[in-house]
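Note that the protein sequences, when read in sequence, are chains A and B.
Residue 17 in the working numbering is what sits at position 15 of the first sequence, and the numbering runs on without skipping anything.
Residue 62 in the working numbering is what sits at position 57 of the second sequence, and the numbering runs on without skipping anything.
The set of hints was computed from the structure by calculation and includes no laboratory data.
Glycine is no exception: its CB is placed at the ideal position from the N, C-alpha and C atoms.
Mixed in with the good hints, there may be bad ones.
[As the list claims (entries may be wrong)] If you anchor each label on the Cβ, the simulated ranges turn out as follows:
1) A:Glu17 <-> B:Leu88: 37 to 45 Å
2) B:Glu31 <-> A:Ser44: 17 to 25 Å
3) A:Gln58 <-> B:Thr119: 44 to 52 Å
4) B:Pro114 <-> A:Leu86: 43 to 51 Å
5) A:Tyr56 <-> B:Ser22: 42 to 50 Å
6) A:Asn33 <-> B:Gly21: 17 to 25 Å
7) B:Gly32 <-> A:Pro42: 20 to 28 Å
8) A:Lys109 <-> B:Ser25: 27 to 35 Å
9) A:Tyr56 <-> B:Leu88: 38 to 46 Å
10) A:Gln16 <-> B:Pro19: 41 to 49 Å
11) A:Lys57 <-> B:Ile58: 30 to 38 Å
12) B:Arg117 <-> A:Lys80: 29 to 37 Å
13) B:Ser25 <-> A:Glu19: 43 to 51 Å
14) B:Ala44 <-> A:Pro42: 16 to 24 Å
[Unchecked claim] Computed footprint of chain B on chain A, listed as stretches where at least three residues anywhere in the stretch have a Cβ under 8 Å from a Cβ of chain B:
15) 44-53
16) 106-114
[As the list claims (entries may be wrong)] Listed next, the in silico SDA-like pairs over lysine to any residue satisfying Cα-Cα at most 25 Å (straight line):
17) A:Lys75 <-> A:Glu17
18) A:Lys57 <-> B:Leu121
19) A:Lys109 <-> B:Thr15
20) A:Lys72 <-> A:Ser30
21) A:Lys109 <-> B:Leu87
22) A:Lys109 <-> B:Glu109
23) A:Lys109 <-> B:Ser99
24) A:Lys109 <-> B:Ser22
25) A:Lys72 <-> B:Arg117
26) A:Lys109 <-> B:Arg117
27) A:Lys109 <-> B:Ala45
28) A:Lys72 <-> A:Tyr56
29) A:Lys80 <-> B:Gly48
30) B:Lys84 <-> B:Gln18
31) A:Lys109 <-> B:Ser91
32) A:Lys109 <-> B:Ser62
33) B:Lys85 <-> B:Val20
34) A:Lys109 <-> B:Gln50
35) A:Lys109 <-> B:Pro114
36) A:Lys109 <-> B:Gln11
37) A:Lys57 <-> A:Ala74
38) B:Lys85 <-> B:Leu16
39) B:Lys85 <-> B:Pro23
40) B:Lys85 <-> B:Leu121
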Amino acid sequence: AQTVTQSQPEMSVQEAETVTLSCTYDTSENNYYLFWYKQPPSRQMILVIRQEAYKQQNATENRFSVNFQKAAKSFSLKISDSQLGDTAMYFCAFVPPSGYSTLTFGKGTMLLVSP
Amino acid sequence: SQTIHQWPATLVQPVGSPLSLECTVEGTSNPNLYWYRQAAGRGLQLLFYSVGIGQISSEVPQNLSASRPQDRQFILSSKKLLLSDSGFYLCAWSVGVTPFSYNEQFFGPGTRLTVL
Chain A
3 AQTVTQSQPE MSVQEAETVT LSCTYDTSEN NYYLFWYKQP PSRQMILVIR
53 QEAYKQQNAT ENRFSVNFQK AAKSFSLKIS DSQLGDTAMY FCAFVPPSGY
103 STLTFGKGTM LLVSP
Chain B
6 SQTIHQWPAT LVQPVGSPLS LECTVEGTSN PNLYWYRQAA GRGLQLLFYS
56 VGIGQISSEV PQNLSASRPQ DRQFILSSKK LLLSDSGFYL CAWSVGVTPF
106 SYNEQFFGPG TRLTVL
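In isolation and in its complexed conformation, chain B is listed as follows (with noise of 0.2 Å):
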């Protein structure tokens, strides 16, 4: 069966500093990867999606990155984090040929993710 995992599950950082967060599905290949943010008291937002190693598109213009080096890893990162960068970062695959078609997006347990 497949799994997909996040971590760190919570994050505290300063203001200015790097972020990193890592997405990785199990037993299942070439799958359809998706980072979405989840702001306080609204939904969620698509910040990137990705269809292969390498291939990355972003859906929002922002102070954050996607990057996918393995084909069932994706990373989060950012250089230098914003106050408003804070919030519940969900990570999610599907199978198919494009990334909305007719399957289910599967999500990961997310990271909370405080900036001070």
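The shape of chain A in the complex, shown without the other chains (with noise of 0.2 Å):
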């Protein structure tokens, strides 16, 4: 079974500062999918950034990169020119890339963002 975990419960980072949000994953597939979603106060998920296992590069996504080490099975986001509406609950989730597998996600790490 796969597992996803989040070791930060909560950070904070003042505005325009950079936040890297910490990730790691156990998983026996060589071939996965990675997401970052994010859960702002309106409770809405959303999708922020998703990378690819068999992809080396890094995604990136304007001031939202990753950092994706797979031999460490790490996976963490990083946060570039904070902005206040940065605030939120961001998850980490993992998927298999077939079959009907479980979308396993971290607990989260809650991200203040303060002026």
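With the hints as a guide, bring the two chains together.
Shown next as structure tokens:
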């Protein structure tokens, strides 16, 4: 079974600074997908970024980028130039590429961006 | 464009009462549909998924059941609610031949259920 661990329950950062959220996972699969989802106070889950394990290049979406270390089974999210609107719960998630397997989420990291 | 609706937005129910939460998707056909529960301070737990009308797969044994009477309608039910059923329930959809392949899951706004 796959597990996803987010070791930082809460983090704080000031506006315009950079912050990195950690995520590790455990799987015996060789190919899979990793995601970061954002859940703001409105509770609407929004996909931030995704990474395919067979791609060595780290995914980037505007101010959001990941550091994917497959051997270490690590998938961290870096938010550059943090904005107040980035305040949210961030979830790391894992899914194998085929079959009807479970989409596994971590417990989340609450990020607070302050002025 | 596709949209996903959930209702009600909030619900307070006594222990032992029945439950029916509804999720509908617009703007797509034959979506894969999912029900998740988010308990306080915890991540999302997949409860059910469906790849077609009448096809339901359960991920965890529990007091809840799901049904898909129409292509874009997904219902979460219970005959008798327990205190432990309290939480935030999210419905999601995706496209794809298999539920968890290459495609993003899009989430609804959620229903906050409190069982007293």
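- [ ] Enumerate the violated hints, using their earlier numbering and listing them in ascending order.
- [x] 4, 6, 17, 18, 24 and 25
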